[in-house]
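**Q** These protein sequence lines are chains S and Z, in that order.
Mapping the first sequence onto this note's numbering, position 111 (from 1) lands on 111, and the numbers just tick up by one.
Numbering-wise, this note's numbering comes out as the position in the second sequence, counting from 1, plus 1000.
There could be a bad hint or two in this list.
DMTMM-like cross-link-like pairs, simulated, lysine to aspartate or glutamate; straight-line CA separation at most 20 angstroms [to be verified]:
| id | chain 1 | residue 1 | chain 2 | residue 2 |
| --- | --- | --- | --- | --- |
| 1 | Z | Lys-1486 | S | Asp-471 |
| 2 | S | Lys-317 | Z | Asp-1414 |
| 3 | S | Lys-87 | S | Asp-136 |
| 4 | S | Lys-40 | S | Glu-104 |
| 5 | S | Lys-486 | Z | Asp-1414 |
| 6 | S | Lys-160 | Z | Glu-1318 |
| 7 | Z | Lys-1124 | S | Glu-318 |
| 8 | S | Lys-486 | Z | Glu-1033 |
| 9 | S | Lys-486 | S | Glu-496 |
| 10 | Z | Lys-1124 | S | Asp-313 |
| 11 | S | Lys-410 | Z | Asp-1414 |
| 12 | Z | Lys-1410 | S | Asp-414 |
| 13 | S | Lys-428 | Z | Glu-1318 |
| 14 | Z | Lys-1486 | S | Glu-441 |
| 15 | Z | Lys-1087 | S | Glu-364 |
| 16 | S | Lys-87 | Z | Asp-1313 |
These are computed hints drawn from the structure, not numbers from a lab.
Protein chains: 2
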Amino acid sequence: MDLTDRHIGKNIEVFDSTLRDGAQGEGITFSVEDKLNIVKALDYVGADYIEAGNPGSNPKDLEFFKEIDLGSLRHAKLVAFGSTRRKDIKAEDDENCLSLLSAETEAVAVFGKTWDMHVTDIIKTSLDENLNMISDTVAFFKSRGKEVIFDAEHYFDGYKRNPEYAVKALMAAAEAGADRLVLCETNGGCLPFEVAEITAETCDIFKDSIIGIHCHNDSGCAVANTVAAVQAGAEHVQGTYLGYGERCGNANLSTIIPNLQIKLGYNCVPEKNLERFTRTARWISEVANQPLYRGMPYVGGSAFSHKAGMHIDAVTKESSSFEHVAPGSVGNERRFLMSEVAGRGTVLKKIQKIAPVLTKDSAETSEICKRVKQLEYEGYSFEAAEASFELLVKEVLGEKKKYFDLNYFKTTVDQPNGNNFSSSAIIKITVGDRTEITAAEGDGPVHALDGALRRVLEGFYPELSGVHLTDYKVRVLEPQKATGAKVRVLLESSDESGSWTTVGVSTDVIDASWIALVESVEYKLMKEEEKINQETGG
Amino acid sequence: MDLTDRHIGKNIEVFDSTLRDGAQGEGITFSVEDKLNIVKALDYVGADYIEAGNPGSNPKDLEFFKEIDLGSLRHAKLVAFGSTRRKDIKAEDDENCLSLLSAETEAVAVFGKTWDMHVTDIIKTSLDENLNMISDTVAFFKSRGKEVIFDAEHYFDGYKRNPEYAVKALMAAAEAGADRLVLCETNGGCLPFEVAEITAETCDIFKDSIIGIHCHNDSGCAVANTVAAVQAGAEHVQGTYLGYGERCGNANLSTIIPNLQIKLGYNCVPEKNLERFTRTARWISEVANQPLYRGMPYVGGSAFSHKAGMHIDAVTKESSSFEHVAPGSVGNERRFLMSEVAGRGTVLKKIQKIAPVLTKDSAETSEICKRVKQLEYEGYSFEAAEASFELLVKEVLGEKKKYFDLNYFKTTVDQPNGNNFSSSAIIKITVGDRTEITAAEGDGPVHALDGALRRVLEGFYPELSGVHLTDYKVRVLEPQKATGAKVRVLLESSDESGSWTTVGVSTDVIDASWIALVESVEYKLMKEEEKINQETGG
Chain S
1 MDLTDRHIGK
11 NIEVFDSTLR
21 DGAQGEGITF
31 SVEDKLNIVK
41 ALDYVGADYI
51 EAGNPGSNPK
61 DLEFFKEIDL
71 GSLRHAKLVA
81 FGSTRRKDIK
91 AEDDENCLSL
101 LSAETEAVAV
111 FGKTWDMHVT
121 DIIKTSLDEN
131 LNMISDTVAF
141 FKSRGKEVIF
151 DAEHYFDGYK
161 RNPEYAVKAL
171 MAAAEAGADR
181 LVLCETNGGC
191 LPFEVAEITA
201 ETCDIFKDSI
211 IGIHCHNDSG
221 CAVANTVAAV
231 QAGAEHVQGT
241 YLGYGERCGN
251 ANLSTIIPNL
261 QIKLGYNCVP
271 EKNLERFTRT
281 ARWISEVANQ
291 PLYRGMPYVG
301 GSAFSHKAGM
311 HIDAVTKESS
321 SFEHVAPGSV
331 GNERRFLMSE
341 VAGRGTVLKK
351 IQKIAPVLTK
361 DSAETSEICK
371 RVKQLEYEGY
381 SFEAAEASFE
391 LLVKEVLGEK
401 KKYFDLNYFK
411 TTVDQPNGNN
421 FSSSAIIKIT
431 VGDRTEITAA
441 EGDGPVHALD
451 GALRRVLEGF
461 YPELSGVHLT
471 DYKVRVLEPQ
481 KATGAKVRVL
491 LESSDESGSW
501 TTVGVSTDVI
511 DASWIALVES
521 VEYKLMKEEE
531 KINQETGG
Chain Z
1001 MDLTDRHIGK
1011 NIEVFDSTLR
1021 DGAQGEGITF
1031 SVEDKLNIVK
1041 ALDYVGADYI
1051 EAGNPGSNPK
1061 DLEFFKEIDL
1071 GSLRHAKLVA
1081 FGSTRRKDIK
1091 AEDDENCLSL
1101 LSAETEAVAV
1111 FGKTWDMHVT
1121 DIIKTSLDEN
1131 LNMISDTVAF
1141 FKSRGKEVIF
1151 DAEHYFDGYK
1161 RNPEYAVKAL
1171 MAAAEAGADR
1181 LVLCETNGGC
1191 LPFEVAEITA
1201 ETCDIFKDSI
1211 IGIHCHNDSG
1221 CAVANTVAAV
1231 QAGAEHVQGT
1241 YLGYGERCGN
1251 ANLSTIIPNL
1261 QIKLGYNCVP
1271 EKNLERFTRT
1281 ARWISEVANQ
1291 PLYRGMPYVG
1301 GSAFSHKAGM
1311 HIDAVTKESS
1321 SFEHVAPGSV
1331 GNERRFLMSE
1341 VAGRGTVLKK
1351 IQKIAPVLTK
1361 DSAETSEICK
1371 RVKQLEYEGY
1381 SFEAAEASFE
1391 LLVKEVLGEK
1401 KKYFDLNYFK
1411 TTVDQPNGNN
1421 FSSSAIIKIT
1431 VGDRTEITAA
1441 EGDGPVHALD
1451 GALRRVLEGF
1461 YPELSGVHLT
1471 DYKVRVLEPQ
1481 KATGAKVRVL
1491 LESSDESGSW
1501 TTVGVSTDVI
1511 DASWIALVES
1521 VEYKLMKEEE
1531 KINQETGG
């Protein structure tokens, strides 16, 4: 059963295409600055090759290749990407081939057709001319001193229909001197058993070549297909770090590498780099301005989050009971979520993190559990709102301070004619014996209220000036009651040291937002005080 | 290579756990109303079993089982979920077992331990007592006339460490009469080759039983593991429709079913139901208030989106060149990103439903497509808002009537002290030469505005008195901009003859709601006029 030891220490090359194939994903656009940043992140995590763009098709990519300082890379090689020459011309006369050279990278990736249908029906040339296009182009780059990675586009679909031709095309690249032969599962529709079989047969034919694998996720099997290809003999793995890519995305390297290295004993990246995985995932998703999918294996925010009471109880006794690997092995951490399916044990653990002196028998513990239950019944959810939960605990302990008194606020939305909306808020508060009033406009009443609250409080608490809202979620509860329904608002606030989430529930979206806004401010001020108390030993 | 024909027509049972295991996912909370809605969606798409909750651990689940009308299900069986009896007591004395009965479902799912470590270290009893717990509990439910689905928790991890005991535990369930033996890959860490091997060995031992498979996605292989288990002999597939679930989620049924049915020839759901897949995915994600991950295989918004110019060119010549299945086979559609011709065929079909005289070459068709594209770019979505789409078509055709002019409205939210909220709206409109002003209070400004609009219009159009709002959904777009972000409001209105949905988008939630409110009224009045015209032949 255990195949692990067969592979101990076998090296697998990691080739990341976030900046090329990843950039073809919907909603993904990288500036030159973004690309430089992502190269840094991929080098840090241990990629061997970073495919960074197609200088022939995209002037921004060319600019990037001019700007990057290759000396700054510690480990990775940069790769420029392009296609075989066009039909019926020479490689040295092909603009795309020439622009690939202009990127001045050590390695180039060149894709060519291996599915006969694509040759005859899409690029509309003869099967022989396509073989010439492959060998000419590979030979051209080899004669210019490049390491050549040949991407055999649609290799699996081609092999399923016409294996002889697919192999001939790969042979043309090998005989012209290609350094890597990469089998591309371009349409992403294959299942692991097919990928395993075709890769094994191909490795058998090309015993002296290094075979690579490049998968897409259209059947939800890109990770499994890649692992299957490696088990069948591939030694070079292509993908994108977070699975970005056209349609359903490319094979996700942040999942594949731990699978291969932790579970099967292959050697993909230096051992210590695995602990950088979660951090790198956050870094790349920040630069790409994409939310990091919280259920992403290994690196997602929920990857080691437990909600069912029984799971929480078990994982506390023995972590392997509900965790397939130790969260720390990939730099992630275990979290316990609060919910109606969580037992009292979970709430206690959360409480003890905030107030270690409390036990399960403390009167305060009972009171906190009672309040949480009541609030959840009213529609609150503390699962994602840990800051609000901490405030609740402090309140029961009598440690919650009041930082201001609200005299009143008022929001107004005016629609004076068909087109001009205007939202504004007035707010009056008292801190100590000083009363201040201010107003703000905004995109909608909540935005205006947020602006006015921050503005009036900054006069008293300048530390609030670095805080800004980074996420705002509205969930309508009991939707059958339509506009009279309750809403739950989740607010995420951030400053330079981190982010925190607060929650408010009301039948009125503005009231719910207000509750969450106030707690956001209270949480920040409480944390600032705690910091000062620690520093002064107070 | 082609294994497809081996499986033509072999039946595979579909068991969905969105409402139970799915509800253990981070950020997922279902109200009773949500659950009733999702049961409807899962029944519509063809699930055989719908696991709907754990009545013993959760009072909301119990309430759901009391409310649901089992006669309304066309195809699916409802399943209540619970565990084997506690150690050292009788099943008939176990509260959880009794509460499972109180759900009054035809089938129950009972999970038990099959990994020896969990028996000795987590529930801390003897290996023999655990076998008794399994057989007693299964026998108890069989004696009460239930269909019993036995979930063998941690079967794969257990089998890897102590195959004899794992098989013994499964045997205890089989001999006590369990109708299905489900092998659970609870920790989600296995790879397909392990799942295939263990499932094949187990199917070999339990030749007379129906074996099921239940996978989690912690190694990113839940889909591949499930497919591998089916190829190895499993005939019952568990998962959640969109992959919701604890940690990295459960196996995604909306990916697995098309893989099994379209690619391998198994029979999971009635053939025509595959075309409902994309619609059902949107429906369930709306109810769950979770964004539908756009890269999700088959049903995601990007699943058949093409961005690279070469791909767009090729797919236009021959769809299989960059599409693993036809988008329409799962009710999805091809999209070209940043391209003039996006989805025009689809829009045309929708237009012709409303205005059969229009062809793809009509000037009006171009104009409608242009407007839809622009509005979608601004954040509108007509997918669920067909009433708004119909109004847009009528407007381009010059057939949209104006039923009233807005002079102005004004909403106010007052927070005069800590507790008393008051929201009100004033509205002034003109119809013909009559101008009316009115005001209303409500739970929040949108509710007040809705009340005021209906009140002032009923004086002119009494047919509006039967209309009421039945659903109100707010989705925040571009969440990284926080309270300054755009929101999309979907309003569902109903009267005695049916329901219709309208949409509004704005940075201001009140503006967005207003747009949708006005269209709701306009749609109703337009339909009333059409009815009268038909009746009078006018």
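**Q** Would you mind marking each hint as holding or not holding in the structure?
**A** Okay, the hints, checked on the actual structure:
no.	hint	result
1	Lys-1486/Z x Asp-471/S	12 angstroms, holds
2	Lys-317/S x Asp-1414/Z	51 angstroms, violated
3	Lys-87/S x Asp-136/S	11 angstroms, holds
4	Lys-40/S x Glu-104/S	18 angstroms, holds
5	Lys-486/S x Asp-1414/Z	18 angstroms, holds
6	Lys-160/S x Glu-1318/Z	17 angstroms, holds
7	Lys-1124/Z x Glu-318/S	12 angstroms, holds
8	Lys-486/S x Glu-1033/Z	14 angstroms, holds
9	Lys-486/S x Glu-496/S	33 angstroms, violated
10	Lys-1124/Z x Asp-313/S	12 angstroms, holds
11	Lys-410/S x Asp-1414/Z	5 angstroms, holds
12	Lys-1410/Z x Asp-414/S	5 angstroms, holds
13	Lys-428/S x Glu-1318/Z	66 angstroms, violated
14	Lys-1486/Z x Glu-441/S	16 angstroms, holds
15	Lys-1087/Z x Glu-364/S	32 angstroms, violated
16	Lys-87/S x Asp-1313/Z	17 angstroms, holds
The structure is inconsistent with the numbered hints 2, 9, 13 and 15, although it conforms to all the rest.
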